[in-house]
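Those protein sequence lines, which keep their order, are chains H and W. Residue numbers for the first sequence, in my numbering: 239 to 571. Residue numbers for the second sequence, in my numbering: 544 to 676.
These are calculated hints, taken from the structure and not from any lab test. What you are looking at is a predicted structure, and each value in this text was computed from that prediction instead of being measured. By construction, the Cβ of each residue, glycine as well, lies at the ideal position given by its N, Cα and C atoms. Each hint should be verified, as a subset may be incorrect.
What the hints assert, rightly or not - Among chain H residues calculated to face chain W with C-beta under 8 Å, some are:
id: 1; residue: Asp375
id: 2; residue: Gly488
id: 3; residue: Met495
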Amino acid sequence: MSIILSINHQQSSHCETGVVATLLQSKGIAMTEPMAFGLASALTFAYLPFVKISGMPLIAYRMPPKTIIKKVCKKLNINLETRKFSNPDAGMQALDDELSKGNLVGLQSSVYWLPYFPEDMRFHFNAHNLVVYGKNDNDEYLISDPVFEHPVTCRAQDLKNARFAKGALAAKGLMYVIRDVPENVNIAPIIKPAIKKTAKMMNGLILPYFGLKGIKHMANKIRALEGKPAKYTRLYLAHIVRMQEEIGTGGAGFRFMYASFLEQASKQTNTPLLLECAQHTTVVGDLWREFAMQAVKYCKKRSDVSLNDIALTLEHVAEQEAKLSQLLIKATK
Amino acid sequence: MKKQHVPQDNSKSYQGQNKLLYAVDDNGHYEGVKSSGWEVESFATQLAVDDLNEQTEYALQQAHAGEVSPLAYHMLARRFDIASLSAATGFFQWQIKRHLRIAIFNKLNDKQLHRYCDTLKISRETLLSLPSQ
């Protein structure tokens, strides 16, 4: 079978927000990637020592996978059908069936088993998102993967492996299709409550691993590296930088994307104060990048940066995030 | 970050791809800007990738020397560690640690071997053998 559905592929910073924007736009809703991110109150910080990625703690700058698509659809009253499969062949058949009905299909998948990813970026992360928009005669699926510049193709067997990879965050073949969309979608009224929620979340939950407390906790962890083996220290710092900057975050742990959202939010709600918030978010994002630069300088041993210097920069980031939280609360009153 | 400050460092790990960042233009507006890489990020990536390759190479040497089972090499070659392989195969971590010993690996039955082959997407012959050094 050969099917090509019409799709407007656009490169995004992040997979899940990109998929949401693409799917909603295909239904005629003016949704941008940063807007999807902001509406889902997805910005956060979490340092999770008990979730290990190659022996290192999980550091997250966004809410857990699937939060964005679920929240955006719920808030906008969009009927999203999600399905998981215990049988991989049934999962592939269901995908083909949806395509032949003319529906774009969102999929959750592993990064490692998608051959079109650059070799050095392939690791066992099971919560990547992409949109399938067709299939060609060579048994290859046509894929709009939001973090790539152009649409890609993927052999059926590879896509099956990627959808049904087991392990942490296993997708179990998760696929989602938008069924119904309300006639009038009004985004403006839900913007401010979403921002307020982010502002509150940044102040942290009870545990020391989230929000501002989490950032300070990570600063202390960096100080505690003093005296640890040099190799471990370098790998630990490199790990933080990768979590913050590597594929899928859009840089600075999503802070720039959030700033872009605030700019759009300011316009849509006619709130000049939110533009000020956007500018301050840019400052915060720049600080995160400076922190990454310092950490890498330390790894290269090319300058006199100390672990304490890096921790101090991070604490400065935390102070500025605290200020941002206050600004956001003020702007949404 | 200003648009003109978006790094264009042609990172090797991007393999010629670009990624999208949001940056501020001259009028203070945000827009998506393509970046061919950032030296800081690619250094961190490279450090981690080099470490993995080193571990894999070392496991291959050890396996050739008969100190560990071929599973030690195949696990790392597919970018798994004991924790992630445990999550993906359903074996406990202590079981996998035992399977890294040759004497115990050699006694694994077909069903157990199949679980590894299925997760690592390699044939039984490959799992039981090693590439030359």
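Numbers of the earlier hints that this structure fails to satisfy, in rising order: As far as the earlier hints go, only 1 is violated by this structure.
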